[in-house]
Amino acid sequence: MFTVFSDSHRLHHGTELKDGVLKPSFEQPSRADTVHHRVKQVGLGQIIEPRAFDRSCYVNAHSERYVAFLESAWSEWCATGRTHDALPLVWPVRDLANEQVPTFIDGKLGFYAMDAGSPITATTWQAVKTSADIALTGLALIDEGHDSAFALCRPPGHHAAREYMGGYCYLNNAAIAAQRAITQGAKRVAVLDVDFHHGNGTQNIFYGRSDVMFVSLHGEPSVSYPYYSGFSHEVGAGPGEGYNLNYPLPKNTTWESYRNALLHACKKLQQFAPEVLVISLGVDTFKDDPISHFLLESEDFVGIGELIAGVGCPTLFVMEGGYMVDEIGINAVNVLHGYESKRA
Numbered sequence: 001m002f003t004v005f006s007d008s009h010r011l012h013h014g015t016e017l018k019d020g021v022l023k024p025s026f027e028q029p030s031r032a033d034t035v036h037h038r039v040k041q042v043g044l045g046q047i048i049e050p051r052a053f054d055r056s057c058y059v060n061a062h063s064e065r066y067v068a069f070l071e072s073a074w075s076e077w078c079a080t081g082r083t084h085d086a087l088p089l090v091w092p093v094r095d096l097a098n099e100q101v102p103t104f105i106d107g108k109l110g111f112y113a114m115d116a117g118s119p120i121t122a123t124t125w126q127a128v129k130t131s132a133d134i135a136l137t138g139l140a141l142i143d144e145g146h147d148s149a150f151a152l153c154r155p156p157g158h159h160a161a162r163e164y165m166g167g168y169c170y171l172n173n174a175a176i177a178a179q180r181a182i183t184q185g186a187k188r189v190a191v192l193d194v195d196f197h198h199g200n201g202t203q204n205i206f207y208g209r210s211d212v213m214f215v216s217l218h219g220e221p222s223v224s225y226p227y228y229s230g231f232s233h234e235v236g237a238g239p240g241e242g243y244n245l246n247y248p249l250p251k252n253t254t255w256e257s258y259r260n261a262l263l264h265a266c267k268k269l270q271q272f273a274p275e276v277l278v279i280s281l282g283v284d285t286f287k288d289d290p291i292s293h294f295l296l297e298s299e300d301f302v303g304i305g306e307l308i309a310g311v312g313c314p315t316l317f318v319m320e321g322g323y324m325v326d327e328i329g330i331n332a333v334n335v336l337h338g339y340e341s342k343r344a
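Mapping of the sequence shown onto the working numbering: position 163 corresponds to residue 163, and the numbering continues sequentially without gaps.
Keep in mind the hints are simulated off the structure, nothing from the lab. Just so you know, these numbers come straight off a predicted model, no measurement behind them. It is possible that some hints are incorrect.
[Stated by the list, open to error] Listed below are the simulated DSS-like cross-link pairs for lysine-lysine, each with C-alpha atoms no more than 25 Å apart in a straight line:
no., residue 1, residue 2
1, K251, K342
2, K268, K187
3, K287, K18
[Claimed, not checked] Computed spacing ranges between beta-carbons, pair by pair:
no., residue 1, residue 2, range
4, D7, L96, 35 to 45 Å
5, P250, I48, 39 to 49 Å
6, T103, G145, 45 to 55 Å
We put the beta carbon where it would ideally sit given N, CA and C, even for glycine.
Generate coordinates for the entire structure from the input sequences, incorporating the hints supplied.
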């Protein structure tokens with residue numbers, strides 16, 4: 001299996017507001033470096049650099065004004081005399097105007113963000129667009145006839161919606177790849193999100209569509225970030241009704257319960273019969289993850305890969321979350337090994 005990776009991910013690392021304290025982000029460069037090391041250690045396959053793609057590929061999944069904001073946010077922030085990480089201060093909640101984009105950068109940051117966990121630094125945009133290019137390169141490998149590819153993306157993407165960042169995510173790498181497949185002629189594409197946290201951004205982008213099915217297994221939203229999405233009654237809207245499937249699972253979910261939910265999800269995907277399957281590969285379902293609360297063991301991730309292989313179509317794995325850095329490489333590569341063992 002080809003792995004697409006770039007050292008450019010190290011250009012992004014900042015601070016987040018968590019537990020009422022400003023601290024270095026859990027989403028740190030060592031995450032991707034650890035996975036990269038494991039890929040090399042086990043000889044998963046060739047590791048390649050990403051190709052460059054036009055920004056129009058990002059705009060296909062996001063809006064033009066949102067992508068333009070990400071490109072210019074740091075320079076606008078610095079123009080006010082500030083050079084520390086840019087984080088939002090106020091959000092357009094409920095009864096506040098939420099359609100008019102402010103002209104001042106402080107207002108823009110709140111308008112285009114869902115939390116204070118996605119800092120913008122001097123080199124964030126370079127890392128973010130390279131991460132999206134990694135996913136697009138992985139899709140290109142699928143288009144060229146490969147059965148699978150691993151896009152070792154960082155920053156992750158599944159919390160980034162059409163017009164907002166959050167949860168360490170800026171551009172939605174999995175959604176950008178899925179949309180690219182549709183743009184290039186695919187009639188049915190599916191995104192399966194196995195990250196502990198609900199992929200609210202991917203759901204937002206495809207919620208009203210029937211050509212992209214979104215399926216997510218995640219922590220029960222009433223007690224798990226991002227709290228306000230991922231409920232089972234969220235099934236899509238308009239033409240997309242029935243093409244959005246959520247499997248919220250309780251605290252301390254073990255492999256037996258997780259496997260049953262994933263098996264059911266994979267059967268739904270088989271019925272949809274996608275031409276390409278994109279996996280939002282988060283491994284923060286691991287028992288020792290510091291910001292999650294499932295109880296999967298490292299060997300269980302092999303089983304995840306085996307079940308995904310049963311869907312029976314070309315598959316692009318896109319790296320998302322996982323914050324127990326010592327085991328993130330083992331767990332991510334175990335999924336890929338499980339997949340390959342069943343597709344060989």
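Checked hints:
| no. | hint | verdict |
| --- | --- | --- |
| 1 | K251 / K342 | 30 Å, violated |
| 2 | K268 / K187 | 17 Å, holds |
| 3 | K287 / K18 | 21 Å, holds |
| 4 | D7 / L96: 35 to 45 Å | 41 Å, holds |
| 5 | P250 / I48: 39 to 49 Å | 40 Å, holds |
| 6 | T103 / G145: 45 to 55 Å | 48 Å, holds |
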